[in-house]
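**Q** Spelled out, the chains give:
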Amino acid sequence: MTEKEKSRRNEKGDNIIEQDTISAVSTALGQGAVGIVRLSGPQALAVAEKLFRTPGGKTLQNFPPRRLTYGHIEDTDGTAVDEVLAVYMAAPRSYTGEAVVEFQCHGGTEALRKILALTYGAGARPAEPGEFTKRAFLNGRIELTQAEAVLASIAARSEAALKMAARQQKGELAACIRKWRQKLLDLIVHMEACIDYPEDDIEAVTYRQAGRVVAEVKQGLEELLSRARSGRLVQEGLPIAIVGRPNVGKSSLLNALLREERAIVSPIAGTTRDTIREQLLLAGVPLLLADTAGIRTTGDKVEQLGVERSLAALEQAQLVFCVLDIARELSAEDREVLAASAAKDRFIILNKADLPHVLKADEIKARCPAVAVLPFSATTGAGMEALEQALAAYVFGQEGRLSEGVYIQNGRQEALVRRACSSLREAGAAIAASLPYDCIEVDLREAAAALGAVSGQAVQAEVIDEIFARFCVGK
Amino acid sequence: MKKIQDHYEVIVIGAGHAGIEAALAAARLGCRTLLATLSLDNLALMPCNPSIGGPAKGHLVREIDALGGQMGLAADKACLQMRLLNTGKGHAVHALRGQEDKAFYHTLMKETVEEQERLELKQLMIDRLIVEQGRVVGVEAESGELFGADCVILASGTYLRGAVICGQVRYECGPNGLRSARKLSASLQEAGVLLQRFKTGTPARLDAKSLDYAKMQIQEGDEEPRNFSFLSPALPRQQLPCWLTYTNEKTHKIVRDNLHLSGLFNGMVEGVGPRYCPSIESKLVRFASKERHQLFIEPEGRHTREMYVQGMSSSLPAQVQLEFLQTIPGLEHCRMMRAGYAIDYDCLDPLQLRPSLEHKSIEGLFSAGQSNGSSGYEEAAAQGLMAGINAARKLKGLPPCILRRDQAYIGVLIDDLVTKGTDEPYRMMTSRAEYRLLLRQDNADLRLTELGQRLGLVDEERYSLFTAKRTAVERALAMLAAINLSPDEETNAKLIALGSAPVKSGINMTELLRRKELSYQALAAAFSLPSLAPEVAEQAEIDIKYEGYIAKQKKEVERFLQLEDRLLPEDLDYKAIKELSSEAAEKLEKIRPRSLGQAGRISGVSPADVNVLLLTLEVRRRRQKEREDGV
Numbered sequence: 000m001t002e003k004e005k006s007r008r009n010e011k012g013d014n015i016i017e018q019d020t021i022s023a024v025s026t027a028l029g030q031g032a033v034g035i036v037r038l039s040g041p042q043a044l045a046v047a048e049k050l051f052r053t054p055g056g057k058t059l060q061n062f063p064p065r066r067l068t069y070g071h072i073e074d075t076d077g078t079a080v081d082e083v084l085a086v087y088m089a090a091p092r093s094y095t096g097e098a099v100v101e102f103q104c105h106g107g108t109e110a111l112r113k114i115l116a117l118t119y120g121a122g123a124r125p126a127e128p129g130e131f132t133k134r135a136f137l138n139g140r141i142e143l144t145q146a147e148a149v150l151a152s153i154a155a156r157s158e159a160a161l162k163m164a165a166r167q168q169k170g171e172l173a174a175c176i177r178k179w180r181q182k183l184l185d186l187i188v189h190m191e192a193c194i195d196y197p198e199d200d201i202e203a204v205t206y207r208q209a210g211r212v213v214a215e216v217k218q219g220l221e222e223l224l225s226r227a228r229s230g231r232l233v234q235e236g237l238p239i240a241i242v243g244r245p246n247v248g249k250s251s252l253l254n255a256l257l258r259e260e261r262a263i264v265s266p267i268a269g270t271t272r273d274t275i276r277e278q279l280l281l282a283g284v285p286l287l288l289a290d291t292a293g294i295r296t297t298g299d300k301v302e303q304l305g306v307e308r309s310l311a312a313l314e315q316a317q318l319v320f321c322v323l324d325i326a327r328e329l330s331a332e333d334r335e336v337l338a339a340s341a342a343k344d345r346f347i348i349l350n351k352a353d354l355p356h357v358l359k360a361d362e363i364k365a366r367c368p369a370v371a372v373l374p375f376s377a378t379t380g381a382g383m384e385a386l387e388q389a390l391a392a393y394v395f396g397q398e399g400r401l402s403e404g405v406y407i408q409n410g411r412q413e414a415l416v417r418r419a420c421s422s423l424r425e426a427g428a429a430i431a432a433s434l435p436y437d438c439i440e441v442d443l444r445e446a447a448a449a450l451g452a453v454s455g456q457a458v459q460a461e462v463i464d465e466i467f468a469r470f471c472v473g474k
Numbered sequence: 000m001k002k003i004q005d006h007y008e009v010i011v012i013g014a015g016h017a018g019i020e021a022a023l024a025a026a027r028l029g030c031r032t033l034l035a036t037l038s039l040d041n042l043a044l045m046p047c048n049p050s051i052g053g054p055a056k057g058h059l060v061r062e063i064d065a066l067g068g069q070m071g072l073a074a075d076k077a078c079l080q081m082r083l084l085n086t087g088k089g090h091a092v093h094a095l096r097g098q099e100d101k102a103f104y105h106t107l108m109k110e111t112v113e114e115q116e117r118l119e120l121k122q123l124m125i126d127r128l129i130v131e132q133g134r135v136v137g138v139e140a141e142s143g144e145l146f147g148a149d150c151v152i153l154a155s156g157t158y159l160r161g162a163v164i165c166g167q168v169r170y171e172c173g174p175n176g177l178r179s180a181r182k183l184s185a186s187l188q189e190a191g192v193l194l195q196r197f198k199t200g201t202p203a204r205l206d207a208k209s210l211d212y213a214k215m216q217i218q219e220g221d222e223e224p225r226n227f228s229f230l231s232p233a234l235p236r237q238q239l240p241c242w243l244t245y246t247n248e249k250t251h252k253i254v255r256d257n258l259h260l261s262g263l264f265n266g267m268v269e270g271v272g273p274r275y276c277p278s279i280e281s282k283l284v285r286f287a288s289k290e291r292h293q294l295f296i297e298p299e300g301r302h303t304r305e306m307y308v309q310g311m312s313s314s315l316p317a318q319v320q321l322e323f324l325q326t327i328p329g330l331e332h333c334r335m336m337r338a339g340y341a342i343d344y345d346c347l348d349p350l351q352l353r354p355s356l357e358h359k360s361i362e363g364l365f366s367a368g369q370s371n372g373s374s375g376y377e378e379a380a381a382q383g384l385m386a387g388i389n390a391a392r393k394l395k396g397l398p399p400c401i402l403r404r405d406q407a408y409i410g411v412l413i414d415d416l417v418t419k420g421t422d423e424p425y426r427m428m429t430s431r432a433e434y435r436l437l438l439r440q441d442n443a444d445l446r447l448t449e450l451g452q453r454l455g456l457v458d459e460e461r462y463s464l465f466t467a468k469r470t471a472v473e474r475a476l477a478m479l480a481a482i483n484l485s486p487d488e489e490t491n492a493k494l495i496a497l498g499s500a501p502v503k504s505g506i507n508m509t510e511l512l513r514r515k516e517l518s519y520q521a522l523a524a525a526f527s528l529p530s531l532a533p534e535v536a537e538q539a540e541i542d543i544k545y546e547g548y549i550a551k552q553k554k555e556v557e558r559f560l561q562l563e564d565r566l567l568p569e570d571l572d573y574k575a576i577k578e579l580s581s582e583a584a585e586k587l588e589k590i591r592p593r594s595l596g597q598a599g600r601i602s603g604v605s606p607a608d609v610n611v612l613l614l615t616l617e618v619r620r621r622r623q624k625e626r627e628d629g630v
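In order, the protein sequence lines correspond to chains A and B.
Each step along the first sequence adds one to the number in numbering that gives the first Met the number 0, with nothing skipped, and position 56 is 55.
Each step along the second sequence adds one to the number in numbering that gives the first Met the number 0, with nothing skipped, and position 172 is 171.
I should point out that these hints are in silico values taken from the structure, not numbers from a laboratory.
Glycine is no exception: its CB is placed at the ideal position from the N, C-alpha and C atoms.
Be a bit skeptical, because a hint or two may be false.
As the list claims (entries may be wrong) - With a straight-line cut-off of 25 Å between C-alpha atoms, the simulated SDA-like cross-links for lysine to any residue are: (1) B:Lys577 / A:Gln388; (2) B:Lys515 / A:Arg417; (3) B:Lys554 / A:Glu82; (4) B:Lys282 / A:Pro197; (5) B:Lys553 / A:Glu445; (6) A:Lys57 / A:Glu82; (7) A:Lys182 / B:Phe286; (8) B:Lys551 / A:Glu198; (9) B:Lys551 / A:Gln388; (10) B:Lys554 / A:Asp19; (11) B:Lys551 / A:Glu82; (12) B:Lys289 / A:Cys193; (13) B:Lys282 / A:Ala121; (14) B:Lys282 / A:Ala192; (15) B:Lys553 / A:Tyr69.
As the list claims (entries may be wrong) - Reference listing, derived: stretches of chain B covered by chain A, where coverage requires no fewer than 3 residues with Cβ under 8 Å from a Cβ of chain A: (16) 146-157; (17) 520-533.
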């Protein structure tokens, strides 16, 4: 958006609260054929121009808006990363009402991640979950009639996010960040005391001392970043396979989780012939849900292919939702499924809990190893809350399940830790140059604020977007 | 019904630092104003330390001055010693501090008040605030006199039900043996004002003739003359020294042995005291391992022998105070002229106030200074000035003047008080200011004079000084940017002589000045640059040397303003916004913030709640638009 446009919009009383340009992968993560990286915000075009090259050497700006342009994404050193189709939508004629650029890339996770990282490097920041939708709403792209639904959804998601944050507080990452933040705060407090009480008997902070603390904290955070599982967790997600014999209600479970009709649900066994992948965000960790075709021996060739893929999805998954029919005795097929998933972390989901129970959760629990055994009804939604709680406990509650040691859980946290690191780098340079306390403090406080935001400690007024609840990114 | 004696547009209760600034501002802005004080002999009383300024406080004084207030001018004239503190820690935290002649300060302020047009000064004990239908209409004095008012500014300092505690003795009293205002509290409560109880304290005063100066370290003032006010001429002044000495084990033992006699520990003190201004008892209890505590001996005036003992505030019995003081080097034979004491007093919970300092539920009632739970002369004066300005603006039907956190320490101070409240006497500190690098004491005039002029408090002299400085700084920056040096022998010889690295390629003068070791003065001498007034050279230097950091903070301010500029409707029903957390809804309902930014600073209001408000505002806006379009 140009300055002129901005001021015009101001006069109209429109919302222009956002000045950052955000970017995210706006398609489901995983192995889709096409992946889309979406940029939104005043700098969207500028960021895109830094990465995108057309064969004729023209810039995106020279093509008419809202038209697909072929080209490729270049790395900072000029190497091609991927062939893409780019489209620029000028404000306000876009989904968010802001300037938007989308890159349609090949769906491989690696290429998407690289392109996303390049947009960060070029001046965009990671989008918060739901941020595209929020901007769309604020910019009048969502009808007033839908406003209440948006608001309610924000509130519900905020609450969930707060609960999640509270849970994270107890986690190892929070403890680790708190430790570094405390070290930094000790230094800040010491310097501030010297500033505000110059005549009191306070030992001066030496540049050497300050430099040591800054270097130590920075190194600690950098290690955290390098060990970050965020690469896998955020950009690849936690792969979950939904398995079960045909018609046990796997797709219904997926739909209930996504609260929308994505997979085709029909009472005919074997409707899902392929593996359908969906993502669901849980406190910033995308859950990659693979709804598999039923696992059974079949003569149908197409279905047989589906079964093979199901087994492959099961193999790739880190967590398995093993679906059984609570209203029926275990069949041979059920036992096959249970055996196939026995070595995996799994939730055994006793679907159709609205019908008379034949299976008993306790007995299943006693006989089949599982993280959780949960009665559930895709029809009524009963058991959804327990399922979400169990998922959250699995992801955040039990240390060492997802990784050894401390890991950064989502893009927001990673962006904040990176911001802290960059502030510390500047603080380090300021200290090395013996700049005065008042300058050094600007960087130190920035770093501390960023770290505080990770563990939800300091509520900085300017960090208004901090905990915007979990919308599906880019939807 | 008693007869109204007289009617004023503004009545100010209390003629301390807040009351005086409030009354002067209101009168200068055209309001017929009454300044009521319970003692005409104690205007602008400094009942504690004989100094004005210091970190953050010096910033406040300069801001008050830039806005046309009085404190800086009086402090310059009554100054006994001026020092610029923190010079090694960066320009943003440079802090000017003046030791002051208390009696002369009082005389100067009394004279200014008496000479001020439209301002009447009366000795009155105000007993009652008269409120009708949620609106203040006047006050009643102890004498039975009734005075009508459109606005009342409460600046009651530590006098509201003031009680002095000295050892085992407790009696109703204001500071320095003045009367306490016993009845006003009840009247305020009856009107619906919520009060809290705070405590503060002051150390003993010693006879200068009884001290052994050879055993103490002398603390002289700065040689270079400096002033708080941008109007005061920079003339050398005759300065008096202060003295530094330390407590020791003997001192500590006496204090410890008598702790049970201290008002602080025997339950006689009711109020909450400030952590940053602890009594010697508290210091020894809280920092038991510290072997010695420093104290400064400071003159109280040119024509008095009383010396203030900074750092030794105490509410131990008088004889114990004398006993421990006499263990201190230099004070072995000291004579105590006044004992230190603690004082309890009523003050408002500032969360009841709008950022204009007007009470939210009593129209026309403003409050400023210690009656808002702050501490310090400067904090009081700053609030007084704003309360006076806003009372006058209200009477003229103008919107209030609200300084933002990115504009002034005054903005930070008032925003903190009315947004976060305070559970101890609130003191300004530079670390409370997020945009400290922008809010420097050297640029208070550049930041605020224009605003002061628009408000109507800045006279022509001040305004032309300001514009002259601004223009000179701009010219100096342009001049520097236009000078390029070639990397020849002459240039490099000069640089080496200045202790700076030689250059291999051409360099711009601005770039050179960015170097830490080079000052304008040094470059001017070496490269025959025009001589600049010191304050102009200083601004140019800071602009250049701090450029990167200033840009950083300006960016932060941009983000901050996005929310700050979004005002919340006064009639917003927070309880009806079901998406807010219940804690947030309750706090928002109570505090009723002015802007989204203020809302976000309330404890218990999360960023998610702010987002809910943001979206709610958008829904309201569109609904309204639909309605309008529909008509």
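**Q** Could you run down the list of hints and mark each one as holding or not?
**A** Evaluation of the provided hints:
1. Restraint check: the Cα-Cα separation between Lys577 (chain B) and Gln388 (chain A) comes to about 24 Å, which is no more than 25 Å; the hinted pair holds.
2. Of the pairs offered as hints, the one joining Lys515 (chain B) and Arg417 (chain A) is violated, with about 29 Å between alpha carbons and a cut-off of 25 Å exceeded.
3. Note on Lys554 (chain B) and Glu82 (chain A): the hinted pairing is violated, with a Cα-Cα distance of about 36 Å set against a maximum of 25 Å.
4. Taken as a hint, the Lys282 (chain B) and Pro197 (chain A) pair is honoured in the structure, with Cα atoms around 18 Å apart against an allowance of 25 Å.
5. With a C-alpha separation of about 14 Å, the suggested pair Lys553 (chain B) and Glu445 (chain A) falls inside the 25 Å cut-off, and the hint holds.
6. Of the supplied pair hints, the one linking Lys57 (chain A) and Glu82 (chain A) holds, its CA atoms being roughly 16 Å apart against a limit of 25 Å.
7. Between Lys182 (chain A) and Phe286 (chain B) the alpha-carbon distance is near 22 Å, which keeps this suggested pair within the 25 Å criterion.
8. Pair hint Lys551 (chain B) plus Glu198 (chain A) does not hold up; C-alpha atoms about 30 Å apart against a cutoff of 25 Å.
9. A hinted pair counts as satisfied when its Cα atoms are at most 25 Å apart, and Lys551 (chain B) with Gln388 (chain A) does not qualify at roughly 42 Å.
10. Our distance criterion of 25 Å between C-alpha atoms is met by Lys554 (chain B) and Asp19 (chain A), whose separation comes to about 12 Å.
11. A distance of roughly 37 Å separates the Cα atoms of Lys551 (chain B) and Glu82 (chain A); the hinted pair therefore is violated under the 25 Å criterion.
12. Simply put, Lys289 (chain B) and Cys193 (chain A) have alpha-carbon atoms about 17 Å apart, close enough for the 25 Å limit, and the pair holds.
13. A C-alpha spacing of about 53 Å is found between Lys282 (chain B) and Ala121 (chain A), which places the hinted pair above 25 Å, so the restraint is violated.
14. Between Lys282 (chain B) and Ala192 (chain A) the alpha-carbon distance is near 16 Å, which keeps this suggested pair within the 25 Å criterion.
15. For the hint linking Lys553 (chain B) to Tyr69 (chain A), the alpha-carbon distance of about 39 Å lies beyond 25 Å, and the restraint is violated.
16. For the stretch 146-157 of chain B, the stated coverage by chain A is not satisfied: 0 residues place a CB nearer than 8 Å to a CB of that chain, which falls below the threshold of 3.
17. Counting residues of the stretch 520-533 of chain B whose CB lies closer than 8 Å to any CB of chain A gives 0, which falls below the minimum of 3, so the coverage claim is violated.
Checked against the numbered hints listed earlier, the structure breaks hints 2, 3, 8, 9, 11, 13, 15, 16 and 17; every other hint is satisfied.
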